[in-house]
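> Listed below are the residues making up each chain.
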Amino acid sequence: MKTQLKSSLNAGITFGIVSLFLYLIGFTTTASQIIQNLLKLKPASTVLGMDSLTFSFALFIGLIGLWAGVNQARSQKGQPFGTVLLSAVLTGLVHGLIVALAAYITGSLNASGVKMNTYLSQLLPASVKLFLFNQTPVLGALSQLAFLTLTALVGAAVTYGLMVSNVFGKLADAWRSMWKQVNAVPAIAKFRASPYFSYVMYSLLLLVMVFVPLRAGQYWNYTLGTVGIYVLLGLGLNIVVGLAGLLNLGYVAFFAIGAYTVALLTSPAPHGLVWNFWLVLPLGILAATLVGVLLVVPVLRMRGDYLAIVTLGFGEIIRILSKSDALTWLTGGPKGVNNVGGPVLFGWVFDDVSYLYLIFLSVLLAIFVTRRLQNSRVGRAWESMREDETVSRAMGINILKHKVLAFAIGAAFAGLGGVLFAARNQFTGPEDHNMMVSINVLSAVIVGGMGSIPGVIAGAFVLKGLPEILRELENYRVLAFATLLVVMMLVRPAGILPASRRKFEHENAPGNEGSKQ
Amino acid sequence: MAMLEVSNIHTYYGNIHALKGISLTVEKGEIVTLIGANGAGKTTTLSSICGLTKPRQGTISLEGRDLTSVKPHDIVTMGVSMVPEGRGIFARLTVAENLDLGAYSRTPNRQEAEKDLEEIFSLFPRLKERYSQVAGTLSGGEQQMLAMGRAIMAHPRLLLLDEPSMGLAPILVQSIFDIIKSINQRGTTILLVEQNALMALSIASRGYVLQSGQIVLSDTAHNLRENEMVQRAYLGAG
Numbered sequence: 011m012k013t014q015l016k017s018s019l020n021a022g023i024t025f026g027i028v029s030l031f032l033y034l035i036g037f038t039t040t041a042s043q044i045i046q047n048l049l050k051l052k053p054a055s056t057v058l059g060m061d062s063l064t065f066s067f068a069l070f071i072g073l074i075g076l077w078a079g080v081n082q083a084r085s086q087k088g089q090p091f092g093t094v095l096l097s098a099v100l101t102g103l104v105h106g107l108i109v110a111l112a113a114y115i116t117g118s119l120n121a122s123g124v125k126m127n128t129y130l131s132q133l134l135p136a137s138v139k140l141f142l143f144n145q146t147p148v149l150g151a152l153s154q155l156a157f158l159t160l161t162a163l164v165g166a167a168v169t170y171g172l173m174v175s176n177v178f179g180k181l182a183d184a185w186r187s188m189w190k191q192v193n194a195v196p197a198i199a200k201f202r203a204s205p206y207f208s209y210v211m212y213s214l215l216l217l218v219m220v221f222v223p224l225r226a227g228q229y230w231n232y233t234l235g236t237v238g239i240y241v242l243l244g245l246g247l248n249i250v251v252g253l254a255g256l257l258n259l260g261y262v263a264f265f266a267i268g269a270y271t272v273a274l275l276t277s278p279a280p281h282g283l284v285w286n287f288w289l290v291l292p293l294g295i296l297a298a299t300l301v302g303v304l305l306v307v308p309v310l311r312m313r314g315d316y317l318a319i320v321t322l323g324f325g326e327i328i329r330i331l332s333k334s335d336a337l338t339w340l341t342g343g344p345k346g347v348n349n350v351g352g353p354v355l356f357g358w359v360f361d362d363v364s365y366l367y368l369i370f371l372s373v374l375l376a377i378f379v380t381r382r383l384q385n386s387r388v389g390r391a392w393e394s395m396r397e398d399e400t401v402s403r404a405m406g407i408n409i410l411k412h413k414v415l416a417f418a419i420g421a422a423f424a425g426l427g428g429v430l431f432a433a434r435n436q437f438t439g440p441e442d443h444n445m446m447v448s449i450n451v452l453s454a455v456i457v458g459g460m461g462s463i464p465g466v467i468a469g470a471f472v473l474k475g476l477p478e479i480l481r482e483l484e485n486y487r488v489l490a491f492a493t494l495l496v497v498m499m500l501v502r503p504a505g506i507l508p509a510s511r512r513k514f515e516h517e518n519a520p521g522n523e524g525s526k527q
Numbered sequence: 593m594a595m596l597e598v599s600n601i602h603t604y605y606g607n608i609h610a611l612k613g614i615s616l617t618v619e620k621g622e623i624v625t626l627i628g629a630n631g632a633g634k635t636t637t638l639s640s641i642c643g644l645t646k647p648r649q650g651t652i653s654l655e656g657r658d659l660t661s662v663k664p665h666d667i668v669t670m671g672v673s674m675v676p677e678g679r680g681i682f683a684r685l686t687v688a689e690n691l692d693l694g695a696y697s698r699t700p701n702r703q704e705a706e707k708d709l710e711e712i713f714s715l716f717p718r719l720k721e722r723y724s725q726v727a728g729t730l731s732g733g734e735q736q737m738l739a740m741g742r743a744i745m746a747h748p749r750l751l752l753l754d755e756p757s758m759g760l761a762p763i764l765v766q767s768i769f770d771i772i773k774s775i776n777q778r779g780t781t782i783l784l785v786e787q788n789a790l791m792a793l794s795i796a797s798r799g800y801v802l803q804s805g806q807i808v809l810s811d812t813a814h815n816l817r818e819n820e821m822v823q824r825a826y827l828g829a830g
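Here the protein sequences line up with chains A and B, keeping their order.
Sequential numbering from 11 applies to the first sequence in my numbering.
Sequential numbering from 593 applies to the second sequence in my numbering.
Heads up, some of the hints might be wrong.
[As the list claims (entries may be wrong)] Computed list of lysine to any residue pairs in SDA-like fashion (alpha-carbon distance at most 25 Å, straight line):
id, chain 1, residue 1, chain 2, residue 2
1, B, Lys663, A, Arg396
2, A, Lys411, B, Arg698
3, A, Lys411, A, Leu355
No lab work stands behind these hints: they were computed from the structure.
Please read these numbers as outputs of a predicted model, since none were measured by experiment.
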């Protein structure tokens with residue numbers, strides 16, 4: 011009983027703090043507006059006697075209250091119904107008390123004319139009023155308390171019912187057995203196992219890639235292009251980190267070299283070399299590759315964390331050089347390079363749709379190269395190097411050669427990405443190439459699932475596509491995005507679409523057995 | 593000409609003088625064992641031969657060809673293969689991939705590779721059952737078998753074994769040593785490093801005793817087993 015009491019109190023305090031935090035940063039108001047928009051409620055209309063924004067807010071805070079109840083019921087699994095309800099009520103009361111207290115204090119301060127948004131910029135009078143359901147401080151605080159307790163109770167009761175009847179377990183079983191039956195059909199099983207399966211999947215993807223740009227409009231084409239370039243970067247880094255196991259945090263350097271090569275050779279300023287894009291494209295890749303090879307010289311003997319630090323420094327060096335006053339004559343300095351030339355084919359200037367096709371084509375090429383490499387002698391050598399460098403030397407693998415190859419191919423992909431990036435934006439400058447690019451690409455690889463090509467694509471979508479989709483959250487975009495990343499790594503620690511090897515590794519890691527239910 | 597001739601090598605780890613003038617020879621077709629306590633320099637001797645830690649002084653030659661300045665991956669191509677201490681299998685790769693990597697220095701064609709695998713499976717039937725399994729899930733004994741099988745895939749003329757009995761159940765140790773003997777009978781010369789001196793001396797024809805980076809004794813296996821000092825220090829005789 012004592013432990014249950016403690017767990018209820020703890021949960022209540024946690025939920026209270028979370029709600030309080032969301033209130034103080036003004037997220038409660040934004041969320042209410044989003045809900046209002048999603049439900050297509052007119053601002054002037056009333057629902058259940060409340061104006062539509064207050065109703066949306068009640069929905070939002072009610073969901074948090076329900077969640078507290080659900081959470082409590084789940085943590086008290088196996089306890090009798092009365093205990094579950096009691097503990098949920100307690101959680102709801104503590105949660106409600108914290109929220110009500112905050113509502114009352116801010117409400118009365120607001121009523122007495124204190125401008126709280128001088129201290130907390132998002133705590134606007136309208137926000138405070140909304141938090142009190144547009145009531146007086148006392149009434150609003152009491153309604154919060156009652157509402158949160160009630161929702162916790164409802165949440166716990168419903169969850170208890172679901173758990174006892176095991177609805178979800180049965181549904182999952184039904185789904186699994188249906189899936190099994192489908193797979194048991196010999197034709198389907200054979201098809202799924204055959205290489206044609208992946209060909210069909212890829213051609214479906216290809217169809218989507220051909221038709222989406224025609225329909226998506228300029229803004230989404232731009233976003234998709236950025237995602238495509240990140241897929242390219244991710245595939246390159248996947249070779250270096252995922253296959254060869256060399257943690258490179260300065261990957262942006264190669265991206266910058268590709269971008270600057272195309273910029274400096276096709277822009278009228280600062281050099282006046284207005285070369286053809288198609289000529290510069292391979293030059294950019296070549297330049298990045300060469301630098302990749304050169305970088306191996308200092309880092310040859312380094313592994314793991316040490317390598318990460320050195321490459322991190324290298325990435326910054328390239329950015330700082332491109333920005334430096336001493337090199338302004340060469341790189342255009344902090345202002346960057348404008349009017350970068352784009353691709354023209356037989357007099358046809360590429361517009362957003364055809365440029366997106368160009369990016370997709372590059373991605374397909376990169377996927378093809380990666381797949382071929384992965385299953386080749388070189389790929390096998392990389393993987394053994396990642397596992398154990400000394401032993402792979404004893405197997406007769408030339409470590410130097412394969413490190414150079416990994417860095418060079420990774421750099422080539424990044425160089426191509428840089429060329430496409432600068433030519434599309436018709437501009438490149440030092441701030442396009444800051445450390446966050448490296449971190450984002452690495453995150454894309456890790457979130458997607460290291461060593462897996464579909465994983466890298468998924469990761470690039472999550473990292474570069476999601477922030478655009480989340481634009482509606484405005485100021486809270488980064489917060490929501492960061493939360494999503496944390497949740498994603500907790501739910502799928504090996505990545506969204508992990509390579510079978512890594513999936514295996516995570517499932518069999520010591521200590522993971524306990525967490526599986 | 594001797595299969596392996598190590599003469600007066602000195603190997604260092606930074607400032608630590610690990611090998612202080614080791615000389616030994618292994619004749620073609622022999623099993624020679626290197627016994628000694630922890631830190632005597634047994635593993636360092638093997639990794640010096642493989643080129644993983646280059647000696648600062650002295651020479652190593654394989655059938656008369658100098659190995660001292662040859663890169664480790666070229667030494668494998670020349671016919672020296674090692675089973676590293678603690679097995680050193682690639683835990684996240686499958687048994688099949690581990691075996692493939694063993695043949696990395698040879699680039700066999702499909703038929704050759706299949707023939708090789710057949711041979712490995714005749715020595716280690718367990719590996720056939722585990723063929724598509726991830727190597728990290730094998731038992732200790734199976735991992736040792738995999739490490740040995742992988743080394744044999746390179747078709748070595750000289751096989752270096754570093755403590756193959758380490759961490760294995762006694763019953764498995766016996767079968768591992770039987771396999772070592774049969775590998776030798778198929779024509780592979782073997783240099784065996786062991787702490788289990790009794791076992792090692794029972795299958796070897798000659799042996800060297802290492803102490804703090806120096807060879808203190810070298811004789812036929814039979815004589816070493818009878819030797820009072822060896823018995824006291826390594827064979828557990830009072």
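> Hint by hint, note whether the structure agrees.
Checked hints:
Between Lys663 of chain B and Arg396 of chain A, the direct Cα distance comes to roughly 20 Å. Compliance with the 25 Å bound is thereby established for this hinted pair. For the proposed pair Lys411 of chain A and Arg698 of chain B, the alpha carbon gap of about 17 Å is at most 25 Å, so the pair holds. Only pairs whose Cα atoms come within 25 Å are accepted, and Lys411 of chain A paired with Leu355 of chain A is rejected, the gap being roughly 38 Å.
In terms of the numbered hints stated before, the structure departs from hint 3 and from no other.
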